[in-house]
Each structure stands twice: as C-alpha cells, then as structure tokens.
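First to last, the protein sequences are chains A and B.
Per our numbering, the first sequence runs over residues 1 to 253.
Per our numbering, the second sequence runs over residues 254 to 651.
The set of hints was computed from the structure by calculation and includes no laboratory data.
Backbone N, C-alpha and C fix where the C-beta goes; we use that ideal spot for every residue, glycine too.
Misleading hints may appear alongside valid ones.
As the list claims (entries may be wrong) - Below, simulated SDA-like cross-link-like pairs (lysine to any residue); rule was C-alpha separation at most 25 Å, straight line:
{"no.": "1", "chain 1": "B", "residue 1": "460", "chain 2": "A", "residue 2": "170"}
{"no.": "2", "chain 1": "B", "residue 1": "261", "chain 2": "A", "residue 2": "126"}
{"no.": "3", "chain 1": "B", "residue 1": "372", "chain 2": "A", "residue 2": "13"}
{"no.": "4", "chain 1": "B", "residue 1": "460", "chain 2": "A", "residue 2": "123"}
{"no.": "5", "chain 1": "B", "residue 1": "392", "chain 2": "B", "residue 2": "346"}
{"no.": "6", "chain 1": "B", "residue 1": "460", "chain 2": "A", "residue 2": "106"}
{"no.": "7", "chain 1": "B", "residue 1": "460", "chain 2": "A", "residue 2": "147"}
{"no.": "8", "chain 1": "B", "residue 1": "606", "chain 2": "A", "residue 2": "13"}
{"no.": "9", "chain 1": "B", "residue 1": "372", "chain 2": "A", "residue 2": "53"}
{"no.": "10", "chain 1": "A", "residue 1": "170", "chain 2": "B", "residue 2": "474"}
{"no.": "11", "chain 1": "B", "residue 1": "372", "chain 2": "A", "residue 2": "86"}
{"no.": "12", "chain 1": "B", "residue 1": "460", "chain 2": "A", "residue 2": "53"}
{"no.": "13", "chain 1": "B", "residue 1": "261", "chain 2": "A", "residue 2": "94"}
{"no.": "14", "chain 1": "B", "residue 1": "460", "chain 2": "A", "residue 2": "115"}
{"no.": "15", "chain 1": "B", "residue 1": "460", "chain 2": "A", "residue 2": "119"}
{"no.": "16", "chain 1": "B", "residue 1": "606", "chain 2": "A", "residue 2": "147"}
{"no.": "17", "chain 1": "B", "residue 1": "372", "chain 2": "A", "residue 2": "106"}
{"no.": "18", "chain 1": "B", "residue 1": "372", "chain 2": "A", "residue 2": "61"}
{"no.": "19", "chain 1": "B", "residue 1": "460", "chain 2": "A", "residue 2": "86"}
As the list claims (entries may be wrong) - Rough simulated footprint, nothing fancy, chain B against chain A, three-plus residues with beta-carbon under 8 Å:
{"no.": "20", "stretch": "25–37"}
{"no.": "21", "stretch": "111–118"}
{"no.": "22", "stretch": "218–228"}
{"no.": "23", "stretch": "233–245"}
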Amino acid sequence: MSLLEVQDVTVRFGGIVALDGLSFDIEEGHICGLIGPNGAGKTTMFNVVSRIYQPARGSVRFRGEELLEVPAHGIASLGIARTFQNLALFPTMTLLENVMVGAHSQGRIGFGRAISRLGAARDNRRTRDNAGDLLNQLGLGALAFRAAAGLPFGTLKRLEIARALAARPKFLLMDEPAAGLPHGEVDGLAETIRGIRDQFDLTVLLVEHHMSMVMGISDRVVVMEFGRKIGDGTPAEIQNDQRVIDAYLGAPA
Amino acid sequence: MKPLISIKSGGPASWAIRIACALAVGYILLWIPTRGSNSLIDTATTALTLMGAALSLNLLLGFTGQISLGHSAFFGIGTYTTAIFVTRWGWSPLKTLPVAFVVAFVVGAVVSLPALRIKGVYLALVTLALGVVFPQFIKWPKIAWLTGGARGLNDTGFKFDKNNRTYEIFGWNPWGNLRGENVKPFYFWIGIGIVAIIYLICRGLVKSRVGRSLIAIRDNSTAAAVMGVNLAVTKGIVFGLSAAMCALPGCLTAMKGSVVTPDTALLTVVGSITFLIVMVVGGAGSLWGPIIGAVVFELITEKTSDWVDPDKIPSLIRPIFSWSDTAPAGGIFALALVVLMFVAPLGLVGLWKQTIARVVSVVPRPAGSGTLDAPESSAGGIPTWRPQQEPPAGDEAE
Ligand SMILES: Nc1ncnc2c1ncn2[C@@H]1O[C@H](COP(=O)(O)OP(=O)(O)O)[C@@H](O)[C@H]1O
Ligand SMILES: [Mg+2]
Chain A
1 MSLLEVQDVT VRFGGIVALD GLSFDIEEGH ICGLIGPNGA GKTTMFNVVS RIYQPARGSV
61 RFRGEELLEV PAHGIASLGI ARTFQNLALF PTMTLLENVM VGAHSQGRIG FGRAISRLGA
121 ARDNRRTRDN AGDLLNQLGL GALAFRAAAG LPFGTLKRLE IARALAARPK FLLMDEPAAG
181 LPHGEVDGLA ETIRGIRDQF DLTVLLVEHH MSMVMGISDR VVVMEFGRKI GDGTPAEIQN
241 DQRVIDAYLG APA
Chain B
254 MKPLISIKSG GPASWAIRIA CALAVGYILL WIPTRGSNSL IDTATTALTL MGAALSLNLL
314 LGFTGQISLG HSAFFGIGTY TTAIFVTRWG WSPLKTLPVA FVVAFVVGAV VSLPALRIKG
374 VYLALVTLAL GVVFPQFIKW PKIAWLTGGA RGLNDTGFKF DKNNRTYEIF GWNPWGNLRG
434 ENVKPFYFWI GIGIVAIIYL ICRGLVKSRV GRSLIAIRDN STAAAVMGVN LAVTKGIVFG
494 LSAAMCALPG CLTAMKGSVV TPDTALLTVV GSITFLIVMV VGGAGSLWGP IIGAVVFELI
554 TEKTSDWVDP DKIPSLIRPI FSWSDTAPAG GIFALALVVL MFVAPLGLVG LWKQTIARVV
614 SVVPRPAGSG TLDAPESSAG GIPTWRPQQE PPAGDEAE
C-alpha cells in the first residue's frame, strides 16, 4: 500500500484553479521529487496535506486514513512534518526553542501539569536534549541560543528541517530546502536528506528547482504544471519525457 | 564587544544571584507592612492590585499575542463577585476568591469564542466593547437588586471586631492589628498572596511545553498549528485563565474598600488601559515586566500626586507640566511609553536585559547528549552538513 494517496484534489482561489484534479501516490521509504514551474501548485499541495487549505474536491489518504477529516493540529501526531518555502519560524525564539516547539506533538504536558509542575521539568529536559541533538546533527549547534530572527536564509531553512524532525515524523515534506544555498552546499544538503531518510525511516516529498539534486536523490519524480500532473516516473524516465522537457526542464544543456 | 563577566546558567554564581535577589525581595516585603508608613502600605497594595491584573493580561497579550481591552470587566467581575457574596449572602471575603476565579474563567472563555476567529484591531474592538458595557450592565435597573445599581454596594470587605486575636511576633505585627485599629498590612498580605498565585500560574505555563506553544501562536500561528498546537482550545483556555486571574485583584479592591460602585476607575475602560500601559512599560512577554511596571507606575503616581499645584513641580520640569490641572502621572507615563517604544520596545525589563548583557553574559546549560560544538561525530553517523560560508541574508531564490 502506498503511504500517501492523493486523488483528484482540486483547490480554487477565486477564479484561479491552483490544483486541478491532481492525483499521485508515494511509496513508503521513497524520496519523491515534486517538480514543476513556479505557480504549478506544489506549495498548495503541501498546504492541503497540512490542512491549511481545504480542497473543493478530492481525497488525501495517509496510511489509508483520510487526512481531510483530520484537523490541522492533528496532522503532526499522525507522523507528518513539513518545512516551508518562505520560512514559518518563531522569530523571537532561539533556535533551540524553535526545535522544541517542533516536538509539541510528542509532549504530554498540558495546562494542568504545567501549572502544577508535575513532570514538567523532566519533560523540558528531555525535549531540550533532543532538540540540542538535532541542532548538532544539522550543524546548527553553535547557534542554539541565538534568536531565529536575523539569521541567514539558508541557516533558517536548515533550522526548519531540524524543527520538522523533532516531531519524529514518518513522512517529511520539504518545500525548496536548497533555496538560498550557495551552489557548493547543495551536495551537502542532498547527503543530509538521504542521511535523515535512512536514520529516521522517513518517506520524503521534496519540492526543489535544483534539478541535479532532485534527479540525484529521488526514487521517483512527479511533475506538475497548472495544478495537474504531467509526468510521473523514475528520474531517468522523467529526464527523457518530451512533455516534461517542453513544459519545464527545457533542452538538456 | 565582549561582556566582562560570564556566568554559567545553573552554576554557583547564578544561584548566588538568585538567592540574593530572593532575600532582597523578602526583606522589602517584610519591611513595608511592619516599618512602612500607612500611605506606603496603601500604595504597595494598589501596586499589587495593578501587578495582578497586568500579569494576567501579560499571559494573554504578552505571551500569546491576543489583545484585550476588556480586562477591566474581568477585574470588575472579581470586585462584584466579592461585593455581592459578602453583602447579600454574608460570605467570608476570602472564600469569594475561588468563586470569582470560576465566574471570570467562564465569562472569559465565552468571550474568547469570537476571539478565535478575529485578530488584531477587530479583537481589540470586541474586547473594548466588553469593557465599555460592563459598568452599564452593573447599573442596569433590572439587576440593581443584586448589584446595587449606580449607587453601588457598601461594606463589601472584612468585618473586624475587638475580639479578634492579633498576631504579634517579637513585638512585630506583620499582619496588622486585626481588631480593626490598623488593618492595612492585612490587605497587603492578601495582595501578596494573589500576586504570588498569579505569578506561579504564569511561570509554570511559560516555562513548559504549553508556554512554548503560546509564544509559537504569537510568533506564527499557522506554523504553531502545523506543529500540532490546537489553536482554538489553547486560545480559549488562555483567555479564560487570563480573565480568571484578573478577577482576583478585583476581589481585593472590594475587600479593602468599603464601597464598590460601577464608576470605580479600574472597573471602567480606564482600568483596561492602565493594565495595558503597566504591562507594556514594564515589559510585555516577560514574567517580571508587569511587576516592575506596576511598581514604577505606583511610584510615579505617588510622587506626582501633589503636582496639581504647579509650585510643587520641580523647577526643572515645571514648564512641561504646569499647564495641567490634574496630577500629571498619566501624562508622564504616556510620554515614558512613547520614549520606551523607541529605545526599548520590550519595556523596562527589556532595557535592563539589554544593558546587563553588555557586562554579564549568561552561558546556558548545553543542550543535547553531545557538546554543542562537536557535530563532527554526531550520533547515528549522519553526514553532518557544514556550511562553508553563510549565504547572505534574504537572497531567496524563487
Ligand atoms: N492563498 C492563496 N490565495 C490565492 N492564490 C493562491 C494562494 N496560494 C496559492 N495561490 C495560487 O495558486 C497557484 C499555485 O501556487 P503555488 O502552490 O504556490 O505554486 P508553486 O509552489 O508550485 O510555485 C498560483 O497561481 C498562486 O498564485
Ligand atoms: Mg512553492
């Protein structure tokens, strides 16, 4: 069974049809690339899975469960985490605290136990240590106690990955993680993505414009244009698909 | 520039500082009711009232980012709950505190229902309406049998009589003379109790998973929801809790004064604005902000209360305030607010932290099983991603 099954999803914004009957599946354990020109609807697809946008039609199943019946705050505890294309961090918090909030769905301390301090200190210590480990792993340990506001874009994109991992997800959606990185660091990022996939048993949906990276690490690639799927296959198949070349890839350099 | 001194968080130096601060606070708290003048005790009790209200508002606005201009109504719910239960049903004033807490919690949670859908200036308007309506509601003739209408209620506080015991400790009388001869210290201690309860509730929340989720809602509510924060429930409980806590200092107002009317300043929108200013000047989103703010506010109010007479104003600043025919404390605070917003948007506490950070740096306890700076050999053997050089900020590739 596929981990995620997207079927006939349609999202409209006024007159704009952002997703137009989109369907595709993702296999467990895969890194699935999602590519397509700007405005194709990739980010919209992420927001449907996060339950930020409500589709007019369609179904999204995760391990057989209908996501469109789950509230937005219930998605994380199902094991789905994401990063944002334009960053959605907590600017006044330190990097460490940002990652600690990422573990929210893992915690048990509610209002009663927070006020009475029953187990709150232990919960804090554990959450903090896990967050610290994740920051170290992503090379952000030295910045742990800096506020997120004002740090370089590429650093913050990495922070988003650490924060997403804090939720111990099974399925990770990454929206353009290489944006803003100098060319030399893109290979390192690809290594990191493959590494976290193996370590945490992740399935990854990766939106990226960096073609060499997407083609290098994806097990499969889905191509979108105007809210529709126009191609779906292994990287090799996609690179030779005439329709995809015309719409997005252009002639090979 | 590097700070001169560095202190390890949780280390001996940091504990020494904490203990010194606690001793200083403890000394002041004992000195005021035993050695201070009556007017000082009064001023301190008023400061505690403002402190409680501003701390409550801070949880909602400072930490969660939800504005309320209706907290005077919750404050008033406390005042009237105590006044009504004491005068109509003869309850002991202290027993009305939990009742007021529950009533205000319910009202606050109900008010939060529209607040879940609206934000910013609209939320300000809805809660402002609550603050405006509250005194009118109390005056409503149909419920005057309960609230006393515009004339208010009398004898809403404690009844002291000659047979009460007094509690002397080595000739000290920290609680006051409960035979009714000098009861001011008694109210002071109730104020301390109320502020302590509110502070501990806020502190427990802020330093926990819940507190992180509140700040997350304030910073980016969409991202908070994606992390699993239930926005509706969290905002609803925080609104209710903030309202409930704000009712407690309201109760104190009824206990220590003998008359309660709907036109008491803190029960009108003036109260909401006062709580807001105290909180912002002290430092929004910091646990100690409202405490410092309330102390400073009361000190200024006290020092300038006789400035109605221009000759009493220090000559240096007389030209600025001599035109005013009321005491200029409000004006001074408004000016302070404007200045502060430029130099220290996080209030006096923010200013203090900025300043002290130049001299003392606090080294936080390292987080994680490894040390912070050794990502080479991270657990799990994942290739660590070392940036060769930080990219310039904001060069977002679309
Ligand atoms: N919140 C929104 N309101 C209106 N239009 C939107 C919104 N979000 C996305 N769109 C539109 O939907 C289309 C798809 O956008 P998006 O999903 O961001 O594309 P991509 O991520 O593939 O570049 C675009 O035409 C965009 O303008
Ligand atoms: Mg996008």
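For each hint, the structure was consulted:
1. With a C-alpha separation of about 29 Å, the suggested pair residue 460 of chain B and residue 170 of chain A falls outside the 25 Å cut-off, and the hint is violated.
2. Taking the CA atoms of residue 261 of chain B and residue 126 of chain A, the gap is about 20 Å. The hint holds against a cut of 25 Å.
3. Note on residue 372 of chain B and residue 13 of chain A: the hinted pairing holds, with a Cα-Cα distance of about 22 Å set against a maximum of 25 Å.
4. The hinted pair formed by residue 460 of chain B and residue 123 of chain A meets the criterion: a straight-line CA distance of about 11 Å does not exceed 25 Å.
5. Distance restraint check for residue 392 of chain B and residue 346 of chain B: the Cα-Cα separation of roughly 23 Å lies within the 25 Å cut-off, and the hinted pair is therefore satisfied.
6. Taking the CA atoms of residue 460 of chain B and residue 106 of chain A, the gap is near 17 Å; set against the 25 Å cutoff, the hint holds.
7. Between residue 460 of chain B and residue 147 of chain A the alpha-carbon distance is near 17 Å, which keeps this suggested pair within the 25 Å criterion.
8. The hinted pair formed by residue 606 of chain B and residue 13 of chain A fails the criterion: a straight-line CA distance of about 46 Å is larger than 25 Å.
9. Annotation: proposed proximity of residue 372 of chain B to residue 53 of chain A holds, straight-line Cα distance about 19 Å (limit 25 Å).
10. Simply put, residue 170 of chain A and residue 474 of chain B have alpha-carbon atoms about 23 Å apart, close enough for the 25 Å limit, and the pair holds.
11. A distance of roughly 22 Å separates the Cα atoms of residue 372 of chain B and residue 86 of chain A; the hinted pair therefore holds under the 25 Å criterion.
12. A C-alpha spacing of about 32 Å is found between residue 460 of chain B and residue 53 of chain A, which places the hinted pair above 25 Å, so the restraint is violated.
13. For a cut-off of 25 Å, the pair hint linking residue 261 of chain B to residue 94 of chain A stands: about 18 Å separates their Cα positions.
14. Proposed proximity of residue 460 of chain B and residue 115 of chain A is supported: the alpha carbons are some 9 Å apart, at most 25 Å.
15. For a cut-off of 25 Å, the pair hint linking residue 460 of chain B to residue 119 of chain A stands: about 12 Å separates their Cα positions.
16. Under the criterion of a C-alpha separation no larger than 25 Å, the hint pairing residue 606 of chain B with residue 147 of chain A is consistent with the structure, at around 15 Å.
17. Straight-line distance between C-alpha atoms of residue 372 of chain B and residue 106 of chain A comes to about 29 Å, which puts the hinted pair past the 25 Å bound.
18. Distance hint between residue 372 of chain B and residue 61 of chain A is unfulfilled; the C-alpha atoms sit about 33 Å from each other, more than 25 Å.
19. With a CA separation close to 29 Å, the supplied pair residue 460 of chain B and residue 86 of chain A exceeds the 25 Å bound.
20. By the rule of at least three residues with a Cβ nearer than 8 Å to a Cβ of chain B, the coverage given for the stretch 25–37 of chain A is violated, with 0 such residues.
21. Counting residues of the stretch 111–118 of chain A whose C-beta sits closer than 8 Å to any C-beta of chain B gives 6, which meets the bar of three, so the coverage hint holds.
22. Given as covered by chain B, the stretch 218–228 of chain A fails the check, having 0 residues with a CB less than 8 Å from a CB of that chain where 3 are the minimum.
23. Coverage of a stretch by a chain is defined here by at least three residues with a beta carbon nearer than 8 Å to that chain's beta carbons; for the stretch 233–245 of chain A and chain B the count is 0, and the condition is violated.
Hint compliance for this structure: hints 1, 8, 12, 17, 18, 19, 20, 22, 23 are broken, all remaining hints hold.
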